[in-house]
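Residue numbers (this note's numbering), protein chains in the order written: chain A, 1176 to 1276; chain B, 140 to 316; chain C, 6 to 378.
It is worth saying that the hints were derived from the structure and are not from the lab.
All C-beta atoms in this analysis are idealised placements derived from N, C-alpha and C, irrespective of residue type, glycine included.
A few of these clues could be false.
What the hints assert, rightly or not - Not the full set, but computed from the structure, chain A residues with beta-carbon under 10 Å of chain B:
| # | residue |
| --- | --- |
| 1 | Tyr1182 |
| 2 | Leu1187 |
| 3 | Ala1205 |
| 4 | Leu1207 |
| 5 | Ala1216 |
| 6 | Val1236 |
| 7 | Leu1239 |
| 8 | Val1243 |
| 9 | Ala1246 |
| 10 | Val1256 |
| 11 | Ile1257 |
| 12 | Arg1258 |
| 13 | Ser1265 |
| 14 | Leu1274 |
To be verified - SDA-like, lysine to any residue: derived pairs with alpha carbons at most 20 Å apart:
| # | chain 1 | residue 1 | chain 2 | residue 2 |
| --- | --- | --- | --- | --- |
| 15 | B | Lys256 | A | Lys1263 |
| 16 | B | Lys237 | B | Arg164 |
| 17 | A | Lys1263 | B | Lys237 |
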Amino acid sequence: MISLTSYLLISLFLFVLGLVVMIARKNIVAILLGIELILNAAALNFVAYSRYVTNNLDGHVFSLFIIVVAAAEAAVGLAIVIRFFQIKESTHIDEATQLRN
Amino acid sequence: MFLQVLFLLSATLTIGCGIAVAVTRNLMHSCVFLLGTLIGIAGLYATLGADFVAVTQIMVYVGGIVILMLFAVMLTGGKDFVSRAQNLLGLAPSMGNKWTFALSGLVGVVFILTNVKLLMSVASSLPTKEINNELPSTVNEIGHLLVKDHVLAFELSSVLLLGALVGAAIIARPRKQ
Amino acid sequence: MNQTVVSYLAQYEFFDSLLALFGGNQGLLTFVIFMIFCLAIVGMCATIGGLGTYAERKISADIQARIGPNRVGPYGILQFLADGVKMMTKEDVMPFSADKFLFYLAPMLALVGVFATLAVLPFSTGFTLSDMNVGIFYLIAISSLVGVSVFLGGYASNSKWSMLGGMRGASQIISYEIPVTISILAITLLAGGMGFGTISAHQRGLPTNWFIFHNPFSFIAFFVYFVGALAETNRAPFDLPEAESELVSGYHTEYTGMRFGFFALAEYIEVFVVCGVGAALFLGGSNLPVDLSFDIIPLQLVEVVIFMTKALLLYYVVIWIRWTFPRLRVDQLMSICWKYLTPIAIFNLVGCAIWVVLFNGKSVAQLLMGGGH
């Protein structure tokens, strides 16, 4: 039988990969990719605990809400990226230094 | 047996594509590898008996978010960023260089070590329940939970989605300067 | 309950003798049965996809008062084999500046996305590969891989036509997914489940029990679904991604040989899948018009024939529409989706919900006949 620890390790690894992407990359879209990885790692943990520890499906509902929030975040984030690109002609995160153009 | 095979395949897909997301130099390829990771996670959900969550994962991520990401990459230059390695302002290249990767790798290693240490102490004392190998369908129960226990969060998420929709439309709208 | 073709066969006596043949190894037997059925279904659908090209040319010839293919085999019916051989022997050209990895990946993704939907398509009550509880939801979700593949195919070719076609295709597919999904949601509301088995069990018996005739809202929902499905599979009059008069041939301009064949095959099979879903959701699926108390395997074959007949009739309508209507403009396409189909679909969903509450889920026919069953 597959143990809870293996799921937790996969989740941990995904989280770290997301963190690496977020720190190493300077492109805003790439950073959003890292955020997706981190959110997915968290959602995986919720479902794994829901199966192995608790006796109900609240974990599933939580990961559904995580997916919903990720969708909203991606939509708004990418809209901001596109607007930023229209102003600066770049998606480099270090060029986002002004609060207004 | 079947579950073990599915688990191994999904885990390999998840981790392999996850590493590829982190190391590939091409943003477009990075997005496509993210697709692989997300499908792998859906497979992991399936091994956990979370059929509804698995399908929702594929629906939202593959059908929505990844295509949005691909669109954003395409509308903001795409492949151009790989060739333009160094910016005029002397900033780090947009897909990272060895210094950023070294820094993030260091952070990652420290993070993994501390968490494995934590996990080792927790894993032995985890309360385990009887695991049944039957994986019953979760759709009905999730439906009940969403409109009973979690109804407030459910309604609020609809407001959140509406806000995100309107906000995204307003932000990305072309403006006259 | 998650029912599969194996759990269906397990209720017969010959299953035990089969099990003995495999030395009591149930896992291996399950694997072998699934293997055989998968191969049969994939082969059948690939043939349908191939014959689809023949049917398309023959029917279009009929509509335009031509003869159509008539050289290879009787009535030219082996034309698709000749085409297939031609495609396989052609040179596989890769544009010099193409993104090689994505260029190879895109046709594969299209085929994966389409073939994965066959796992839940209900050919009959017993012979469904897997009657999952999330059946229709899974089908919608996995078929969105085709949208990704269209986009990647357009991007990777590194050509203007492909790029425009790919962007059009992706935006069209994700836009039309919304009315299609909402009108399917109305049907799951009526059936009380997302599995194809549940949906099909609610439409047993005479055509008056079919969901298309269940109430006025589901009647409209069928047409919303059908129009949306046409657009989702990039069929005319919504074939803007591959509009040959403006974009050469859209996202597969740069593809040659078998890779082009993969895209074409995926498109034709997807049309069949979409028609099959329409038949299963709205037109009663594989149900016999009479309720029989016994169940034998030949009866399942009859059910398969009924299902295929309904699906292929819809397939005929799709081809008929293609050769009858002119192509739309991009802005018209988007305004049809967002200004007309989506509001109508939402209206249908609310209407169906109110109907279920008001009339306790009874159909029009049941109300007219008084009380119903």
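Hint by hint, here is what the structure shows:
Interface hint status for A/Tyr1182: upheld, as the beta-carbon distance to the closest one in chain B is roughly 7 Å, under 10 Å. Using the Cβ-Cβ criterion of 10 Å, the hint placing A/Leu1187 at the interface with chain B is satisfied: the shortest such distance is roughly 5 Å. For the restraint placing A/Ala1205 at the interface with chain B, the shortest Cβ-Cβ distance is roughly 6 Å, inside the 10 Å limit, so the hint holds. Restraint check, A/Leu1207 versus chain B: the minimum CB separation of about 7 Å is within 10 Å; hint holds.
This hint holds: A/Ala1216 has a C-beta 9 Å from the nearest C-beta of chain B, less than the 10 Å allowed. The closest approach between the C-beta of A/Val1236 and any C-beta of chain B is roughly 5 Å, which is under the 10 Å cut-off, so the hint is satisfied. For the restraint placing A/Leu1239 at the interface with chain B, the shortest Cβ-Cβ distance is roughly 6 Å, inside the 10 Å limit, so the hint holds. Residue-level restraint check for A/Val1243 holds (minimum Cβ-Cβ distance to chain B is 5 Å; threshold 10 Å).
With a cut of 10 Å, the hint placing A/Ala1246 at the interface with chain B holds, because the nearest CB-to-CB distance is about 5 Å. Taken as an interface hint, A/Val1256 checks out: its beta carbon lies about 6 Å from the nearest beta carbon of chain B, inside 10 Å. Restraint check, A/Ile1257 versus chain B: the minimum CB separation of about 5 Å is within 10 Å; hint holds. At about 5 Å, the closest approach between the beta carbon of A/Arg1258 and any beta carbon in chain B falls short of 10 Å, and the interface hint on this residue holds.
The beta carbon of A/Ser1265 is positioned within 10 Å of a beta carbon in chain B (closest approach about 8 Å), and the interface hint is therefore held. Because the smallest distance between the Cβ of A/Leu1274 and any Cβ of chain B comes to about 15 Å, over 10 Å, the interface hint for this residue is violated. Proximity of B/Lys256 to A/Lys1263 is assessed by CA-CA distance (about 44 Å); at most 20 Å being required, the pair is judged violated. Proposed proximity of B/Lys237 and B/Arg164 is supported: the alpha carbons are some 12 Å apart, at most 20 Å.
For the hint linking A/Lys1263 to B/Lys237, the alpha-carbon distance of about 26 Å lies beyond 20 Å, and the restraint is violated.
Checked against the numbered hints above, the structure violates hints 14, 15, 17; every other hint is satisfied.
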